[in-house]
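The whole structure should be built from the sequences, with the hints applied where relevant.
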Amino acid sequence: MAKKHDYVQIHRIVLEPDARATTIPDDTRSVPLEMWVKGYLNDETANIGDEVSVITRTGRQVSGKLVDDASHYTHSFGNLVPELLQVGDQVRSIVFGEGEK
Amino acid sequence: MKDLSYQAVMQRKNEIMKKSVGMDYDMFESGSIAFDYEAMMKDTGYTLEDIIRIQKGFSIGDTRIIELKNITELARKCAKPGKGARIFLKDEASNPSGSFKVRRAATSVYHAKKLGYKGVITATSGNYGAAVASVCAMAGLKCIVVQECFDSEGKGQPEIVEKARKCEALGAEVVQLSVGPELFYSVLLLLEETGYFNASLYTPFGIAGVESLGYELAQQFRKDYNCEPDVVVCSNAGGGNLTGTARGLKQANCKAQVVAASVNLKGLHMASDGQFNKKSFTTSHTGFGMPFATNPDRSDVPRSAARPLRYMDRYVTVNQGEVFYITEALASLEGLEKGPAGNTALAAAFYLAQEMDENQTIVVQETEYTGAGKHINPQLSFARDNGIEIFFGNPQDEVAGKNIILPQHPSMIKAVDYNMEQLRKSYIKNKVAGFNKPTAEDIKFLSEETKTNCDFVLRAIEELNK
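As given, the protein sequences belong to chains G and C, one line each in that order.
One point on numbering: in numbering that gives the first Met the number 0, the residue at position 60 of the first sequence is 59, and numbering is uninterrupted.
One point on numbering: in numbering that gives the first Met the number 0, the residue at position 329 of the second sequence is 328, and numbering is uninterrupted.
If you're looking for bench data, these hints aren't it; they were derived computationally from the structure.
A few of these clues could be false.
[As the list claims (entries may be wrong)] Once the Cα atoms are required to be at most 25 Å apart in a straight line, the calculated PhoX-like pairs of lysine-lysine come out as:
hint, chain 1, residue 1, chain 2, residue 2
1, C, 428, C, 443
2, C, 154, G, 37
3, C, 117, G, 37
[What the hints assert, rightly or not] What follows is a list of derived Cβ distance ranges for each label pair:
hint, chain 1, residue 1, chain 2, residue 2, range
4, G, 54, C, 63, 38 to 48 Å
5, C, 48, G, 58, 34 to 44 Å
6, C, 42, G, 21, 28 to 38 Å
7, C, 37, G, 84, 46 to 56 Å
8, C, 170, G, 62, 18 to 28 Å
9, G, 70, C, 192, 21 to 31 Å
10, G, 70, C, 194, 20 to 30 Å
11, G, 62, C, 11, 15 to 25 Å
12, G, 84, C, 312, 32 to 42 Å
13, G, 62, C, 6, 21 to 31 Å
14, G, 62, C, 312, 45 to 55 Å
15, G, 46, C, 37, 56 to 66 Å
16, C, 435, G, 58, 43 to 53 Å
17, G, 58, C, 415, 42 to 52 Å
Computed from a predicted structure; not experimentally measured.
The beta carbon of each residue, even a glycine, is placed where N, CA and C say it ideally should be.
This is the structure we're talking about:
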């Protein structure tokens with residue numbers, strides 16, 4: 000549960016599929032245009048999925064559905080890509096090694 | 000109460016733009032095809048000296064040019080005897096915000112502050128967001144960055160997610176959207192709501208900001224290496240990097256050949272929800288490069304200040320696997336870990352150097368920061384998770400969205416020339432569409448826009464009318 004002033008993430012639909020531009024590919028036009036914004040919760044308390052409003056870091060008030068009450072980043076350096084080690088070894092061997100050509 | 004529907008807001012576009020850029024684009028129009036490009040560029044009111052001074056005030060510029068001796072050696076091992084020009088890299092990643100884009104942001108933010116705007120809005124999924132956020136942090140202005148970030152399953156491009164993180168770290172508000180060009184509608188709504196300055200990538204302020212890069216490059220190269228750069232290669236997407244750099248080189252009387260390089264993403268639609276996460280490059284690719292070269296005014300301002308065909312001598316493409324390979328080589332041979340998209344020009348330069356003599360020089364004019372999400376390892380790992388095959392082979396066989404082919408040997412890296420005549424003709428075709436009789440002024444304008452002459456333009460128009 001999120002409390003007033005907690006920094007949270009909300010979600011809302013900007014354009015429903017039938018309101019989207021006509022020039023875009025079919026797969027894009029078959030889904031809505033969605034938006035995610037973060038801000039300080041205005042409501043006293045709220046649960047995930049509730050309609051709430053937030054004050055963003057520039058001071059705008061935006062409303063939407065609460066999707067995350069502790070939004071944080073989890074992007075990383077990914078899994079091992081062994082091919083990159085091979086590339087590194089290969090270029091070093093060409094320049095500094097026996098000089099394969 | 001204003002009508003906030005998509006159609007109504009798009010109809011108010013010009014009015015919103017005028018207020019948010021503080022510039023009346025109508026005054027440069029001829030009423031026909033031509034417009035006064037140089038007058039528009041002058042209308043910023045800032046000279047190159049002013050811009051350099053403004054950028055220095057934000058600790059921007061004076062980035063080093065590094066000679067890539069080991070990459071040069073690698074190229075020479077792949078080249079014919081006597082071939083293999085010296086390869087250099089301008090380390091723009093050492094700017095605040097980690098890319099050359101901060102040069103582009105500086106003039107806009109400085110100008111916005113001078114005019115009394117309380118904040119700045121920009122639409123970008125790239126390094127430009129962090130650039131604007133960084134300068135806004137220094138100038139004490141508010142900043143909103145609008146990004147296309149997620150597909151309809153809510154899956155974010157790790158590279159773009161990282162850029163969101165960086166913008167937030169620098170104090171900006173980030174508005175994230177799912178895939179689609181209606182992002183522009185959201186930007187217009189935000190501009191109306193906040194009254195902030197529109198720091199579009201394509202205003203004269205943005206492009207004039209990059210002129211300092213080309214100018215600095217020429218001066219510094221002469222001083223540090225005692226010679227002239229023969230070729231300058233620019234990673235190309237919207238064309239602003241190349242346009243600004245080439246204009247700066249010109250002001251330094253540098254005659255280097257200017258080459259554009261983009262990652263070949265042929266076959267992938269940029270506005271497709273399903274293909275959004277099949278791309279392993281979110282910028283510097285042909286999906287932006289080609290349409291913006293042949294129709295620069297498709298950008299988010301009435302007239303784009305980025306007009307790459309005016310300055311481009313050659314346009315080459317490289318494949319994703321080749322850029323990943325060269326990025327790893329840069330780390331392993333030069334000890335430099337830099338983001339992959341900025342290395343598009345380096346992959347091209349690696350090949351172009353092999354066409355040139357050993358005593359010649361080729362300069363890659365930018366690098367970008369790297370980190371979680373926007374590093375070759377997470378990008379390849381993400382691609383693999385999305386069903387893209389990654390293997391060693393002939394990179395020329397790569398099919399964007401299906402596989403990433405790392406070259407079996409560096410000698411297989413090739414920069415493939417795009418037909419410039421075809422590019423110039425499609426630009427002319429786009430411009431004359433809807434005009435029955437181009438005026439003499441139009442013909443001259445089109446020749447300047449395509450770096451050709453009036454005969455070429457007249458012949459191209461004649462062909463179109465056949």
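Okay, the hints, checked on the actual structure:
1. 428(C) with 443(C): Holds: residue 428(C) and residue 443(C) sit about 15 Å apart, inside 25 Å.
2. 154(C) with 37(G): Status holds; Cα separation ~17 Å.
3. 117(C) with 37(G): holds, 20 Å
4. 54(G) with 63(C): 38 to 48 Å: Given a distance of about 43 Å, which is inside 38 to 48 Å, the answer is holds.
5. 48(C) with 58(G): 34 to 44 Å: Check passed, 37 Å falls within 34 to 44 Å.
6. 42(C) with 21(G): 28 to 38 Å: Because 35 Å falls inside the window, the suggested range holds.
7. 37(C) with 84(G): 46 to 56 Å: With Cβ atoms ~51 Å apart, the hint holds.
8. 170(C) with 62(G): 18 to 28 Å: Once the Cβ atoms are compared, 23 Å apart, the range 18 to 28 Å for residue 62(G) and residue 170(C) holds.
9. 70(G) with 192(C): 21 to 31 Å: holds, 23 Å
10. 70(G) with 194(C): 20 to 30 Å: With a Cβ separation near 28 Å, residue 70(G) and residue 194(C) satisfy 20 to 30 Å, so the hint holds.
11. 62(G) with 11(C): 15 to 25 Å: Given a distance of about 23 Å, which is inside 15 to 25 Å, the answer is holds.
12. 84(G) with 312(C): 32 to 42 Å: holds, 38 Å
13. 62(G) with 6(C): 21 to 31 Å: Check passed, 23 Å falls within 21 to 31 Å.
14. 62(G) with 312(C): 45 to 55 Å: The hint (45 to 55 Å, Cβ to Cβ) holds, given that residue 62(G) and residue 312(C) are roughly 52 Å apart.
15. 46(G) with 37(C): 56 to 66 Å: holds, 59 Å
16. 435(C) with 58(G): 43 to 53 Å: Holds, at about 51 Å.
17. 58(G) with 415(C): 42 to 52 Å: For residue 415(C) against residue 58(G), whose Cβ atoms are near 50 Å apart, the range 42 to 52 Å holds.
Checked against the numbered hints given earlier, this structure breaks none of them.
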